[in-house]
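The lines below spell out each chain.
4 protein chains.
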Amino acid sequence: MPNIFGKLFTVTTWGESHGPAVGAVVDGCPPRLPLDAADIQVELDRRRPGQSDIVTPRQEEDRVEILSGLFEGRTTGTPISMLVRNADQRPAAYDEMKEKFRPSHADYTYQGKFGIRDHRGGGRSSARETIGRVAAGAIARKVLAMGGQALRGTPVEIRAFLTQVHDIAVPTGTLVDFPTLAAVEATAVRCPHGPTAEKMIERIKAVRAEGDSVGGVIECRIRGVPLGLGEPVFDRLEADLAKAMLSLPATKGFEIGSGFAGTRMRGSEHNDAFESRAGQIHTTTNRSGGTQGGISNGEEIVFRVAFKPTATIMRKQATVDLHGAPTELIGRGRHDPCVVPRAVPIVEAMAALVLVDHWLRNSAQVGTFKF
Amino acid sequence: MPNIFGKLFTVTTWGESHGPAVGAVVDGCPPRLPLDAADIQVELDRRRPGQSDIVTPRQEEDRVEILSGLFEGRTTGTPISMLVRNADQRPAAYDEMKEKFRPSHADYTYQGKFGIRDHRGGGRSSARETIGRVAAGAIARKVLAMGGQALRGTPVEIRAFLTQVHDIAVPTGTLVDFPTLAAVEATAVRCPHGPTAEKMIERIKAVRAEGDSVGGVIECRIRGVPLGLGEPVFDRLEADLAKAMLSLPATKGFEIGSGFAGTRMRGSEHNDAFESRAGQIHTTTNRSGGTQGGISNGEEIVFRVAFKPTATIMRKQATVDLHGAPTELIGRGRHDPCVVPRAVPIVEAMAALVLVDHWLRNSAQVGTFKF
Amino acid sequence: MPNIFGKLFTVTTWGESHGPAVGAVVDGCPPRLPLDAADIQVELDRRRPGQSDIVTPRQEEDRVEILSGLFEGRTTGTPISMLVRNADQRPAAYDEMKEKFRPSHADYTYQGKFGIRDHRGGGRSSARETIGRVAAGAIARKVLAMGGQALRGTPVEIRAFLTQVHDIAVPTGTLVDFPTLAAVEATAVRCPHGPTAEKMIERIKAVRAEGDSVGGVIECRIRGVPLGLGEPVFDRLEADLAKAMLSLPATKGFEIGSGFAGTRMRGSEHNDAFESRAGQIHTTTNRSGGTQGGISNGEEIVFRVAFKPTATIMRKQATVDLHGAPTELIGRGRHDPCVVPRAVPIVEAMAALVLVDHWLRNSAQVGTFKF
Amino acid sequence: MPNIFGKLFTVTTWGESHGPAVGAVVDGCPPRLPLDAADIQVELDRRRPGQSDIVTPRQEEDRVEILSGLFEGRTTGTPISMLVRNADQRPAAYDEMKEKFRPSHADYTYQGKFGIRDHRGGGRSSARETIGRVAAGAIARKVLAMGGQALRGTPVEIRAFLTQVHDIAVPTGTLVDFPTLAAVEATAVRCPHGPTAEKMIERIKAVRAEGDSVGGVIECRIRGVPLGLGEPVFDRLEADLAKAMLSLPATKGFEIGSGFAGTRMRGSEHNDAFESRAGQIHTTTNRSGGTQGGISNGEEIVFRVAFKPTATIMRKQATVDLHGAPTELIGRGRHDPCVVPRAVPIVEAMAALVLVDHWLRNSAQVGTFKF
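Residue numbers (numbering that gives the first Met the number 0), protein chains in the order written: chain W, 0 to 370; chain R, 0 to 370; chain L, 0 to 370; chain B, 0 to 370.
No lab work stands behind these hints: they were computed from the structure.
Treat the hints with care, as some may be off.
One copy or two, either will do: identical chains are not told apart, so a pair holds if it fits within one copy or between any two.
With a cut-off of at most 27 Å between alpha-carbon atoms, the simulated DSSO-like pairs for lysine-lysine come out as follows [claimed, not checked]:
{"id": "1", "residue 1": "Lys99", "residue 2": "Lys369"}
{"id": "2", "residue 1": "Lys97", "residue 2": "Lys369"}
{"id": "3", "residue 1": "Lys97", "residue 2": "Lys315"}
{"id": "4", "residue 1": "Lys369", "residue 2": "Lys198"}
{"id": "5", "residue 1": "Lys315", "residue 2": "Lys204"}
{"id": "6", "residue 1": "Lys315", "residue 2": "Lys99"}
{"id": "7", "residue 1": "Lys198", "residue 2": "Lys97"}
{"id": "8", "residue 1": "Lys315", "residue 2": "Lys369"}
{"id": "9", "residue 1": "Lys369", "residue 2": "Lys204"}
{"id": "10", "residue 1": "Lys198", "residue 2": "Lys99"}
Please model the complete structure; the sequences and the hints are all you need to start from.
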């Protein structure tokens with residue numbers, strides 16, 4: 000079941016870039032959640048191409064249709080099937096890829112594994128697959144927002160944003176407060192630090208002009224998470240977040256809290272001391288990143304995801320064809336010189352899916368029977 | 000099933016630091032594999048404490064007993080149950096922890112989640128839990144070694160080692176060749192670069208003398224992996240490796256191939272061109288780290304794992320007690336000032352479990368029926 | 000994941016009777032299988048209503064659209080999404096059910112469990128849900144037919160048929176040979192024994208005239224199954240078949256081989272002796288029904304499924320409303336007085352799903368590595 | 000994961016008849032449940048051989064050791080590992096079986112599937128495997144008893160008993176009230192209807208004297224189950240019960256409520272009308288057997304399981320050897336001429352596992368967030 004994610008709140012995604020449609024089925028959603036297509040559309044619109052001059056000009060409306068699981072505006076506890084038709088396809092742009100493997104793409108490995116592949120637009124390995132994730136994540140986000148509010152008086156809020164593009168990074172110590180959605184959406188790169196965002200945009204335009212591409216880093220912060228989510232030993236919260244993030248196209252790394260930088264600290268510097276604030280136990284610092292022993296501790300969850308530079312570039316590259324013979328190709332089609340800004344809602348969607356799933360699981364084990 | 004890992008080659012671990020025993024059950028092992036306790040003991044001996052003067056002096060023999068699944072020296076395809084009795088326990092050393100939460104440990108979150116915890120030695124969150132992983136991983140390694148040899152004429156070899164302790168790192172470009180096991184095991188820190196290893200050992204002794212601790216980075220390289228392992232879209236090989244690594248105690252990050260450093264490159268620098276060598280398609284570079292589109296491409300798999308500094312330090316730290324009242328505590332017991340060297344066989348074990356599981360899964364989908 | 004079936008060849012079904020559509024996603028299908036919509040349509044046509052004068056006159060074309068997973072007429076190893084639009088809905092016919100619980104239907108339990116339900120046509124509990132199963136099963140059947148032929152020179156053939164309607168049963172010892180599809184499809188009740196089929200049809204017409212309903216028994220026989228499918232101890236082949244069958248609406252029982260009648264025999268009568276025939280080990284009798292110890296033994300698999308009489312009858316029945324107040328209702332809408340004939344392709348579909356899943360699983364564990 | 004049962008409350012069993020031990024690991028048990036070895040021992044003692052003169056005289060103490068998951072007499076939410084050492088083994092009694100396949104045993108299929116088998120005492124296919132199930136089931140039963148009492152003021156009670164041995168059956172309409180445990184345990188055959196029990200015992204002694212064996216039927220009734228357990232469409236409560244029962248050795252059939260007999264009724268006879276009693280909705284009859292649409296309706300759950308006659312008989316039988324050559328064998332060792340009485344606690348254990356698992360699952364989906 001490699002296309003199914005989650006244990007209790009599960010999402011199955013399906014669809015290829017140039018097939019008839021892409022979509023997702025959510026199984027296990029709590030019943031009676033108010034939901035309509037607009038709740039999902041708003042997130043799909045955030046990941047849609049063609050929104051600014053630094054992303055792909057591919058035009059797709061990406062309009063979602065909900066096919067099941069709702070009755071009179073509420074979920075019923077049965078599977079929610081969602082469908083987005085594909086459009087604006089230019090399969091001819093990919094004819095060359097039928098015979099040639101694009102460097103650092105999935106062409107060679109899909110061909111090698113399955114003995115067949117839909118080469119048009121990357122087929123299943125296309126980022127269009129993430130439409131299903133974002134659609135399912137939109138439902139998860141609503142569960143977290145409304146459910147958190149109802150249960151604990153505070154919604155769970157998930158905010159991802161860019162902290163780095165190529166070698167341009169937000170200055171250390173700049174983003175202290177939890178960024179607002181408005182601040183993130185204010186710029187085409189989704190970096191809430193204005194001056195850095197400007198430089199990032201410039202850099203993206205510059206590399207695009209050269210037919211090249213760049214990568215970057217997304218940070219994701221989550222507040223309002225209750226104490227207790229995450230199930231040691233294998234299903235630690237950070238383990239499932241790491242899996243979720245590394246399951247996204249173009250990702251090369253994940254770190255939580257202090258991450259790789261934490262390896263350069265001493266224990267006496269790194270440990271998060273406990274204190275009581277307003278009658279509640281907290282840590283004075285948050286190098287742990289919101290989990291200890293694989294279980295959320297009630298502090299902000301903070302993690303970062305590394306995205307490599309877009310593999311498709313508008314330059315001549317050496318490669319081989321299906322038979323191993325050397326050849327060359329030049330990227331065609333319409334591609335983002337930097338996919339990271341559009342990955343922001345996708346990172347948020349995956350985080351939401353992990354959190355809802357673990358909330359349900361935690362509730363089952365420790366919330367059903369009280370001994 | 001939070002204590003069960005894998006889909007077809009599954010391992011269930013159980014046990015607490017100061018309970019009667021720890022162990023694991025492996026379900027789904029291929030039949031007829033030659034196996035005896037010595038195959039497992041050799042790996043347990045590598046993770047055992049008390050092997051050098053820079054790790055905890057806790058003395059435990061950690062002798063494995065195989066209770067099922069073997070007949071006349073071979074696996075039978077039925078579950079393999081393995082047991083290691085606990086010994087050399089000093090529960091009194093943990094009396095203070097019954098009432099106080101150790102900073103950056105799992106005490107607070109286990110208590111908050113479950114409403115109860117075995118505080119002795121960290122209970123379930125103790126690194127002793129990894130004995131079950133190493134025991135199961137030893138079986139997986141044998142499957143990969145013998146199975147790879149038989150099927151493809153080359154065993155799968157997994158080699159982890161330290162590349163960094165605190166701010167002491169192996170110089171870039173130093174470790175080009177696949178390190179030998181002898182080179183890794185030659186020093187107490189399991190760093191195959193001798194001069195760096197010496198500095199690491201010095202640093203560990205220095206921080207220990209100050210009652211402090213340090214973290215570090217493990218790199219893991221795997222060769223002999225066939226093309227085709229990994230199942231997009233959610234069960235990408237790197238996603239399952241990331242989950243496996245972040246499920247280990249004290250880990251804060253995972254990266255594959257170029258990792259976080261790759262975010263600072265351009266696409267034209269980062270892409271791995273294809274070429275044919277000896278009639279086989281290869282990449283000229285390996286910034287991908289051995290997978291593309293979530294599927295192994297036959298190149299070396301290379302990933303790195305970040306370990307934070309040991310949370311237990313021999314210094315006074317501020318914390319709170321069970322009731323939230325401020326208090327202090329000083330680490331007691333016998334602890335590693337740097338856990339990273341002993342984590343090497345654990346990282347290898349988890350990698351082996353992921354690979355065998357994906358090998359079986361790949362075989363099922365693409366190897367059963369040939370259309 | 001209650002709407003997901005199977006471990007390696009998984010199907011997720013979704014959809015309600017009076018929602019926009021019903022469908023299924025198949026994940027894990029082997030690649031390169033020749034497949035088109037016609038392969039699926041042929042089985043959907045067998046379960047479609049309105050095919051004879053003894054079933055519901057509801058008219059639905061039930062035309063399948065394949066949305067993903069195919070390329071140039073072959074499966075690609077990626078998820079196959081299938082969609083059937085709903086039509087000929089008469090939701091007004093169900094207005095009364097909004098407030099009243101139909102006896103022996105799922106109305107009360109869905110309302111009690113989820114606190115909400117789509118009452119129109121039974122919503123998710125409608126037999127229309129089985130469209131997704133039949134569509135997925137059609138793919139599984141093609142895998143078994145073509146795959147069995149390619150691998151072993153013999154296709155796996157699955158043949159279900161009615162042996163009983165109400166108290167009219169096929170005489171013992173009558174159906175010895177494996178029935179042909181033509182013989183099964185020859186009559187509206189799908190009973191290959193002509194004289195019995197006639198009586199069954201008469202009985203169904205008689206009870207329908209009285210506004211009543213009847214149940215019956217389906218026998219399913221499967222030949223061409225290799226030795227070795229089924230995974231003890233929990234995932235025995237008969238255990239997964241039993242689950243598959245009891246997951247169908249209106250089923251009340253499952254038995255394999257000698258079944259309940261076997262409890263009245265002695266061991267000396269019941270045991271299946273082994274013998275060699277044509278160089279192959281066989282049993283002389285088949286009271287085991289094709290499995291021993293939960294594993295297929297290469298003989299015909301034979302099981303039977305009990306279906307209760309249709310719960311919807313055109314008679315006044317006592318019941319309660321949403322508030323527990325006593326009331327009465329009379330069945331409306333268009334219903335089968337006997338659902339069993341239309342359940343034949345559904346039973347076959349579920350059997351096919353179980354067999355393909357176990358074939359892949361068996362192949363993974365015993366077919367990947369040869370020690 | 001064929002040796003793992005359940006989704007949230009999972010049990011992994013391991014062990015062979017003549018290996019060092021058998022056991023089980025329970026993962027997902029709610030924390031803080033008071034538990035000690037005596038809770039488990041009492042159920043193991045019920046399935047133990049040597050308790051009466053109609054079962055096998057094999058003497059095994061079957062003493063359980065709990066190795067993890069408890070702290071100060073309560074569960075901690077971590078895995079509970081349980082171990083029972085094997086004893087009183089007479090492997091020599093099985094020497095003949097090394098080369099010969101016993102009719103209607105698992106010898107041939109294990110050998111064919113795995114290419115190896117532990118022939119001693121049936122190895123993994125031995126009924127000793129059920130020790131792990133009974134041990135895990137004992138924990139599940141305590142959860143249901145204490146948890147049901149705490150949550151709803153009524154414990155869940157599970158009572159299985161024999162209603163048939165060979166052709167001797169409890170007269171229809173005799174067992175109306177829920178049988179007491181004392182009534183069940185009063186006779187060696189665990190049939191609460193005294194006169195029938197006497198005849199059953201006579202019959203078992205008679206067939207044993209002839210070196211033969213008989214089977215029978217167990218009925219299981221469960222009261223105190225809340226409305227709402229069971230997850231359509233695939234994980235219906237009766238589907239998971241059917242799987243659980245058919246996963247037991249020697250079972251050939253399962254039916255719930257009216258079962259196969261219900262197929263001979265009309266809808267107007269079969270439907271369970273609703274009524275209100277004491278402010279609670281109930282059905283006036285219970286042909287449904289406690290579930291509708293796959294979900295428990297709050298009525299008693301009633302199902303029956305068919306057990307074939309013991310395959311091992313003390314008579315000469317025709318069979319073949321490993322090479323397919325015809326030969327004969329006579330059963331040796333110590334075997335029950337009728338396994339059904341000892342299967343009673345095993346059926347109860349499996350039912351308890353299914354119910355706890357579904358209770359946790361239901362709680363997660365409909366009990367976590369209230370919209």
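Status of each hint after checking the structure:
1. Lys99 <-> Lys369: Result: close only across copies, 24 Å inter versus 60 Å intra.
2. Lys97 <-> Lys369: Only across copies: Lys97 and Lys369 sit 22 Å apart there, 59 Å inside one copy, limit 27 Å.
3. Lys97 <-> Lys315: Answer is within: at 17 Å inside a copy they meet the 27 Å cutoff, but 65 Å across does not.
4. Lys369 <-> Lys198: neither (55 Å within a copy, 46 Å between copies)
5. Lys315 <-> Lys204: within (19 Å within a copy, 53 Å between copies)
6. Lys315 <-> Lys99: The answer is within: 13 Å in one copy meets 27 Å, while 62 Å across copies does not.
7. Lys198 <-> Lys97: neither (38 Å within a copy, 52 Å between copies)
8. Lys315 <-> Lys369: neither (65 Å within a copy, 36 Å between copies)
9. Lys369 <-> Lys204: neither (58 Å within a copy, 47 Å between copies)
10. Lys198 <-> Lys99: Neither. Shortest intra-copy (36 Å) and inter-copy (48 Å) distances fail the 27 Å Cα cut-off.
Checked against the numbered hints listed earlier, the structure breaks hints 4, 7, 8, 9 and 10; every other hint is satisfied.
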